[in-house]
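Asks: Chains A, B and C are the protein sequences, given in the same order. Residues 156 to 445 (our numbering) are what the first sequence spells out, left to right. Residues 2 to 385 (our numbering) are what the second sequence spells out, left to right. Residues 85 to 177 (our numbering) are what the third sequence spells out, left to right.
No lab work stands behind these hints: they were computed from the structure. One thing to keep in mind: the hints can contain errors.
To be verified - Within a straight-line C-alpha distance of at most 20 Å, the following computed DMTMM-like cross-link-like pairs (lysine to aspartate or glutamate) qualify:
id : chain 1 : residue 1 : chain 2 : residue 2
1  : A       : K352      : A       : E396
2  : A       : K163      : C       : E90
3  : B       : K196      : B       : E229
4  : B       : K300      : B       : E229
5  : B       : K212      : C       : D141
6  : B       : K196      : A       : D197
7  : A       : K352      : B       : D198
8  : B       : K151      : B       : D183
9  : B       : K196      : A       : E396
10 : B       : K212      : C       : D89
11 : B       : K212      : C       : E90
12 : A       : K163      : C       : D144
What the hints assert, rightly or not - Some residues of chain B that are not near chain C, with every Cβ distance over 12 Å (derived):
id : residue
13 : T33
14 : A97
15 : M157
16 : F191
17 : E194
18 : P202
19 : R254
20 : K307
21 : E358
22 : E382
Predicted, not measured: the structure shown is a model, and the values here were computed from it. Cβ coordinates follow ideal geometry from the N, Cα and C atoms, glycine included.
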Amino acid sequence: MTTLKKTKTSIPQTELMSSGHLACQGCGATMAMRYALKGLGDRTVMVVPACCWTVISGANPRSSINLPLLHSPFAAAAATATGVKAGLVSRGDRETTVVAWAGDGGTFDIGIQALSGAADRNEDILYVCYDNEAYMNTGVQRSGGTPSGAWTMSTPAGSARPKKDLDAIMLAHHIPYFATATPAYAEDMVRKFAKAKTVKGFRFIHILSPCPPGWKTDPMDSTKLSRLAVQTGLFRLYEVEEGVMKLNMNVANRKPVSEYLKAQGRFKNMPAEEMAAIQARVDAFWEKPS
Amino acid sequence: MKKVLSGNHAAALGAQLARTQVSVGYPITPATQVFEALAEMKSKGEFPGEFIAAESEHSVMAALLGASTAGARTFTATSSHGLAYMHEVLHWVAGARLPIVMIDVNRALAAPWNLWTDQTDSLSQRDTGWMQTYCSTNQEVLDTVLMSFKIAERVMLPSMVVLDGFTLSHSYEPVDVPSQADVDAFLPPFRPELKLDPEQPITFGSLTQPKDYLRLRRRMAADMAEAEDAIEEVGREFGEMFGRSYGQLDPYRCEDAETILVTSGAVGSTARAAVDALRAKGLKAGNLRLRAFRPFPAKALRAFVKPGMKLAVVDRNYSPGMGGIWAQEIKAALYPRPGVSVHGYVTGLGGGDITVELLQEVWERVDDSPVAEVPAATWVEDAR
Amino acid sequence: MPLLDEDPRAYPRVMVATRSMDENHTGNWRTLRPVIDAKACTGCNICWKQCPEACVDLTDKVPSIDMDYCKGCGICVAECPAHCVHFVPESAS
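Generate the whole structure from the sequences, applying the supplied hints.
Replies: Right under this line is the structure:
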């Protein structure tokens, strides 16, 4: 859509994602894809398992992603991407970046075996999880990424279990590059994708991705919520490169978590004590970030 | 060059000679040695392709989905539960029209555990869109791997090369291994028109409307029909180049036979011994070994049968609620065929021995029975 | 009887997506339309940066939102630092 103009912008202007895609209004996953592609450039092949982006990308014969893209089975994003990379290398192409682009379902749950295997083998792929914290494509059911207390269709009284610590799981695989990102911090996200492209071996980027229908929020609040997640300290922006952690944003005066939680319909019935407990955990965590 | 090889090793050599570009594997008894042979070749610099040891068979086939779509020639080997575990991806790669070649070493499916040869694992994948060829010698395994790449890449359908667990996979037989130069002359490089390539920003596998899905499947049907011819043509071409030709059917002493033992896999060679013994007694016995299972060689079979023929079909497999799978498919292919009867025998499940003597007894029983067919399968075992 | 009797080979083996989704004009999803107050706009481009539809054009100093695609999510309304993007009901325009 945007033609390159002399106007200075803080992120590249070229769009590899077209307008006219099928995402909901205010979709965080779409903003994430847009920034990811600006950081990656067009020497990229994407693998997309069953997830919102399976539908957002469009139906045959149209696509909203101007890159070679392979749809894969739900559990198999990391394995399919592994194969794509091997196939390209076997034909003499070592340069093209292979990206697996999956939701939290295909990453935390059904896709975790293939993910763990690929990370364990240090496959030369970039795996991206856009985490909207539930199985959104099938109508909002709890995933391993759903935070405690969140309403979903399968946890109508609020999820009883805490969110799986996916970051720790990935870091336990000794991978060369790990990062978190969220759409409110577009420059940070673009930089991380451009960086990840240059690293050899298994790279993982975990993106917190607001979802208006699933979070029961107003579409216009998606950027605000993405920002609040960081400003309350609930979602850390950091990188780990060859085992060395670098905090990208040290949030000094954290906003209260209740500001983030109360803005979302999925936490509507969360009792004050539970919010206080979450606040205490966040406070304790930031006392000594590891 | 003649070598003494196990079936598994012959399969691995076939993949190497075919210049496989990406092989992804996972161990499972009794197919493990295919994977290990490729790993060893890789470590010695004798396998120039990419070799990946994945963490499950589902991931193996998903990785081959990726590699094949990226334009690479691909290969793997599995068995039984490994094959079953990749089931959804088998459907996927066939629908994606990818010419992946895979060895399936027949082994019974649990429950309960059983490691020995049984065809139910491969036959029960008959609806996935994979071509299937059943081998009866280790020579045939190597040859069929080479032919399968050629046929698969012509019709753009994946191909399963099936061999009996332990009986072929682990037994050593003399195998004439062709030279790399001869294989290169037979099998040109894989050059797909559509592939993942940054120069071609296209999307594979998107959501597709019913009207298109129907027509894509119909195209698959047309290509499966072409595969029936391709199996014969490539089999003849192979014969011209290497001195051993193959087809969909492998008849033995059937010219004047009315009762015919119909077999597949390693039992194929046991059946020839049974036919020779029966003929020695003056009985007009013949053996029809079916090599091709998918596409089912219906045309060839219909051309083969004559009125008055009795087919004694030996099924080392079982489809619960129906019977032996080869017998079922043969009946469907021959319907309606007045004067030809199909007698199904289920035996050898879980690796039971199917002996020359047992096959003779089956033949004699069918030869003595009236032409009208026996609808249900007869269950037998080697009494020793 | 709608028999499928055309040559099966007239159909490809696979269907690949070669056309762009920008043929799909999502502007008809909108119930609210964002309007930029040109006088108040500082040209910061944050609306362009945050738009999930990538449908903000930067040709001029004051960005223009492509109404063929705008779904009316309101992120630009919420995020504009100069508060110069306002919603009006779609039917009013």
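Asks: It remains to establish, for every hint, whether it holds in the given structure.
Replies: Structure-based check of each hint:
For the hint linking K352(A) to E396(A), the alpha-carbon distance of about 13 Å falls within 20 Å, and the restraint holds. Only pairs whose Cα atoms come within 20 Å are accepted, and K163(A) paired with E90(C) is rejected, the gap being roughly 55 Å. Note on K196(B) and E229(B): the hinted pairing is violated, with a Cα-Cα distance of about 26 Å set against a maximum of 20 Å. The suggested pairing of K300(B) with E229(B) holds, with an alpha-carbon distance near 9 Å, which does not exceed 20 Å.
Our distance criterion of 20 Å between C-alpha atoms is broken by K212(B) and D141(C), whose separation comes to about 37 Å. Distance hint between K196(B) and D197(A) is fulfilled; the C-alpha atoms sit about 16 Å from each other, no more than 20 Å. Between K352(A) and D198(B) the alpha-carbon distance is near 17 Å, which keeps this suggested pair within the 20 Å criterion. Between K151(B) and D183(B) the CA atoms are separated by roughly 14 Å; this keeps the pair inside 20 Å, and the hint holds.
A threshold of 20 Å between alpha carbons decides the hint, and for K196(B) with E396(A) the separation of about 33 Å lies outside it, so the pair is violated. Between K212(B) and D89(C) the alpha-carbon distance is near 14 Å, which keeps this suggested pair within the 20 Å criterion. A C-alpha spacing of about 13 Å is found between K212(B) and E90(C), which places the hinted pair at or below 20 Å, so the restraint holds. Taking the CA atoms of K163(A) and D144(C), the gap is near 12 Å; set against the 20 Å cutoff, the hint holds.
Once the 12 Å rule is applied to beta carbons, T33(B) is consistent with being away from chain C; the minimum gap is 33 Å. With a least CB separation of 7 Å from chain C, A97(B) falls inside the 12 Å interface cut-off, contrary to its annotation. For M157(B), the shortest C-beta to C-beta distance to chain C comes to about 5 Å, within the 12 Å cut-off, and the non-interface label is violated. Residue placement check: F191(B) keeps its beta carbon more than 12 Å from all beta carbons of chain C (closest about 15 Å).
The beta carbon of E194(B) is not kept farther than 12 Å from every beta carbon of chain C, the shortest such distance being approximately 10 Å. The beta carbon of P202(B) is not kept farther than 12 Å from every beta carbon of chain C, the shortest such distance being approximately 9 Å. No beta-carbon of chain C is positioned within 12 Å of the beta-carbon of R254(B); the least distance is around 39 Å. Even its closest Cβ contact with chain C, about 32 Å, leaves K307(B) beyond 12 Å, as expected for a residue assigned away from the interface.
Distance to chain C confirms E358(B) as a non-interface residue, since its nearest Cβ pair spans about 48 Å, more than 12 Å. Look at E382(B): its CB is around 45 Å from the nearest CB on chain C, clear of 12 Å, so calling it non-interface holds up.
Comparing the model with each numbered hint stated earlier shows that hints 2, 3, 5, 9, 14, 15, 17, 18 do not hold.
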